[in-house]
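S.K.: The primary structure of each chain is shown beneath.
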Amino acid sequence: MTVNKMEPSAREVESLSAVVIRFVGDSGDGMQLTGTQFTDTSAMFGNDVATFPNYPAEIRAPQGSLYGVSGFQVHIGSIEISTPGDDLDLLVAMNPAGLKTNLHALKAGHTIIVDTDSFSKKNLQKAEYDSNPLEDGTLENYRVIEVAMTSLTREALKDLGLDNKSITRSKNMFALGMVYWMYDRDMNHTLRFFEQKFKYKPVLAEANAKVLKAGFYYAETLELIPNAYQILPSAMEKGTYRIVNGNTATAWGFLAAAEKAGLELFLGSYPITPATDILHELVKHKNFGVKAFQAEDEIAGVTSAIGASFAGDLAITTTSGPGLALKSEAIGLALMTELPLVIVNVQRGGPSTGLPTKTEQSDLLQAMYGRNGESPVIVIAASTPSDCFDYAYEAARLSLEHMTPVILLTDGYIANGSEPWKIKSVKDMADIKTRVINKRSDSWHPYDRDSQTLARNWAVPGTPGLEHRVGGLEKDQVTGNVSYVPENHEYMTHVRAEKVKRVQNNIPELESEYNKEGDLLIVGWGGTYGSLHSAVRKLASQGYKIGHAHFNYINPLPRNTEEVLGNFKKVIVCELNKGQLVSVLRSNFNDKDLLQYNKVMGLPFSVTDLVKKFKIILDQD
Amino acid sequence: MEDTLDKKYTFRDFASDQEVRWCPGCDDYVILRSMQKALPEMGVNKEDVVFISGIGCSSRFPYYIDSYGMHGIHGRAAAISSGVKLANPDLSVWMITGDGDSLAIGGNHFIHLLRRNLDINVVLFNNEIYGLTKGQFSPTSLIGQKTKSSPFGNTQPPFHPGELALGAQARFFARLGGNSPKEMTELFIQAQKFRGTSLIEILQNCVIFNDGCFTQYTDKKVKEDKQLFVEHGKPMIFGKERDKGLVLNGLKLEVVTIGENGVSEDDILVHDAKCEDNTLQQMLVKLEYPLVTGIIRSYEDELFEEREARLTEEVRKNSKFSSVDELFLSGETYEVK
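These protein sequence lines map, in sequence, to chains F and X. Read in numbering that gives the first Met the number 0, the first sequence has 331 at position 332, and its numbers run on one by one without any break. Read in numbering that gives the first Met the number 0, the second sequence has 156 at position 157, and its numbers run on one by one without any break.
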């Protein structure tokens, strides 16, 4: 049965530049898979894409409950896509709870596809609906496509002899098939995916294919659904692409760095949401000499990495906020022993356990200052799913070249989000010059430094003649032996700080996009790049003198930071926290007058809200 | 490593130029000297030796050995050592720790190190007290023990390191008094030879904060009567007159006198350190009279790093990729023209 509550105004084929689609259902309904398939297919079609999976912390929350709703949002376009989008053009709701929790995001007049079979009395109660929204007028401002998806799926599969559970579990493919037809997508990618995934269970491959096609043809034969949307391929740079999410890109950045530096990669890690996928990815690559060690806790994750670094590996540890807190003493050991170490923090909502599956940028100050003593480390941040590759590589490069720990900040939003990545080759990546030495000179000491960078040399166990001891106690500036001499401690404290400061000479300058000078500079860092970029693009195209400066390097700050900030009448620093980068900037630049825009809802910025806010400031003058 | 050894060392080769700063009379000097004597006998190149420690009096040890070394942070030596060994399995890795370092703050890493069975040698200096922080009770302090943090007597029951270690599946456990340099040197050599995590507990007297805590067992006058020094394959006989021995009475170990009540040497239990089942060894480590010293358990099992290496080899053989570029270009890619 299909009901069309609102007549679509135009039935001719629309050519849209971009649409935002959200698939929602129970956390066991396979919404993440459905969304991923749609994303990959669209990317291969040539669209630019950005995704935003949003799922509950519970693995299997009670079926049908409001908090058990899992969603996957994808933004596809023929123009450059920088975010997964704010407001929805299409909502696919597999149950009442999904409808209830997501309806607010759908643009008025736009389309909802619902599985009517799931709108039972019991499910309506679980979703806390007093009456059936399909009947009580709740949806009268939307175009509702009602489909008995479960029954149709069952019908399609009746001859395969599958159990009831397997049948109902594939109804998500019915929805996907419908959406494929609506947006003119090819089914082949997903059909191939079934063949691969169910290589050893061909009956499941057949079942999923059948349901997908059933949905596709159902949409086609249904006159009430106009084939109204055509999303043309976008004008992207030529080349070979693939879809990556931020965690995979992070893992691959380290693989590339290890190969380039000629070192073996060691990961010491402990499972934590949302960082664990980096561990999952790296354990697959023993063939590249990767040693991925799942340790007994966060502290063992980082300290085993320090041991591996001492022994000559490119050593990293991966975690999220609470894990970074546990690792802080050990990070101090790495900076005191002046060994290379990369700590990846995939930020999530805090404090404490906070919001494990939601995104936030509230660990910047922890990364900057969260250790005892004077303990500066290099802090950098990735800003999109695909550039996690570049900044993971960069973290490894800086750590190896400067012999000091680097904290790489990503967040749950870009770690789980995916987008096209123009595939890079290791041979095109920047050189990595390690500080490894193999021979002893007469005057050799373990803390001998490069006169430019102040990085010490790296004498690795197994090398004859370079036996030496390191440790957490203060070192004599020349011999490297334990020293309690007051002047020496002050000198060494200064050297460790200066060493990090001189990294400025090894990183790019800060750029201001759209305008180099003007009325308002939008400042951000890390994973908010896409939202800020979209908002600035919109306003710049309207003629506003607005610029966007986005920090990937936070400690040290790029050399020209003050200059860039000084070229605009007003500067607003936008962060998903209460104002952490802004306090770093203020302390660096004499309490410069900086405006703030902060959100801590566990969600990315809304581009609509950003545009509104910036416009108010711009129109004030 | 033994095949490639082309140098002969003396104990001086392993003495660093650093002034040793333990309290005069501390057993730590005995342990250091025994180690410096043992190292040249191990058939290991100096540059392949790595000492890793945590925090505490014992943990200054690496500074005094002329090899590679790291003085780590409190409790984490086990994890640091594991990282060193996994990064380069060819190294001879020694972890130096104490009762506070490994049984309190580092307890978690300690049990997991033993469980995994990497080829690492652990020397646990047990003095039943916190020395470096000047005299608080430790996880091995006895109930009733008066310390700076237990002025009316300790109320927390102690761990027995051996019992804990065997519970965590330790494959090698040995115990020795801190005043037995000869046996200690030999024990270190045995630990190096053993393939797997070897744990050596040294009953180390702290002259300042817990002086005499082991005297009842280690004093030269009583040592032979109070200690049973076990050796694999030999009957468990002790005593100045070599007339005491252990027999199993039901589910308990019992001390008997040879020649009394018809007991002959043949009735005495023969020590089996290499037995996979550690039930009897559990009983030996808990015994208070006699205190059992020597190698109590020495059961060789597959190493963690061997399993890892085997898997790596298999994965490498079956891998489609010879460089990460090939990985990046594998699977679903598409062209934008």
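I should point out that these hints are in silico values taken from the structure, not numbers from a laboratory. Just so you know, these numbers come straight off a predicted model, no measurement behind them. Don't take every hint at face value.
Claimed, not checked - Here are the computed distance ranges between Cβ atoms for each label pair: (1) F:Asn-587 x X:Thr-132: 35 to 43 Å; (2) F:Gly-238 x X:Glu-305: 42 to 50 Å; (3) X:Thr-132 x F:Arg-439: 32 to 40 Å; (4) F:Glu-127 x X:Tyr-333: 26 to 34 Å; (5) X:Ser-148 x F:Tyr-483: 21 to 29 Å; (6) F:Ser-442 x X:Lys-192: 46 to 54 Å.
Ideal placement from N, C-alpha and C gives every residue a C-beta, glycine not left out.
S.K.: Where does the structure disagree with the numbered hints, that is, which hint numbers, in rising order?
M.R.: 4 and 6
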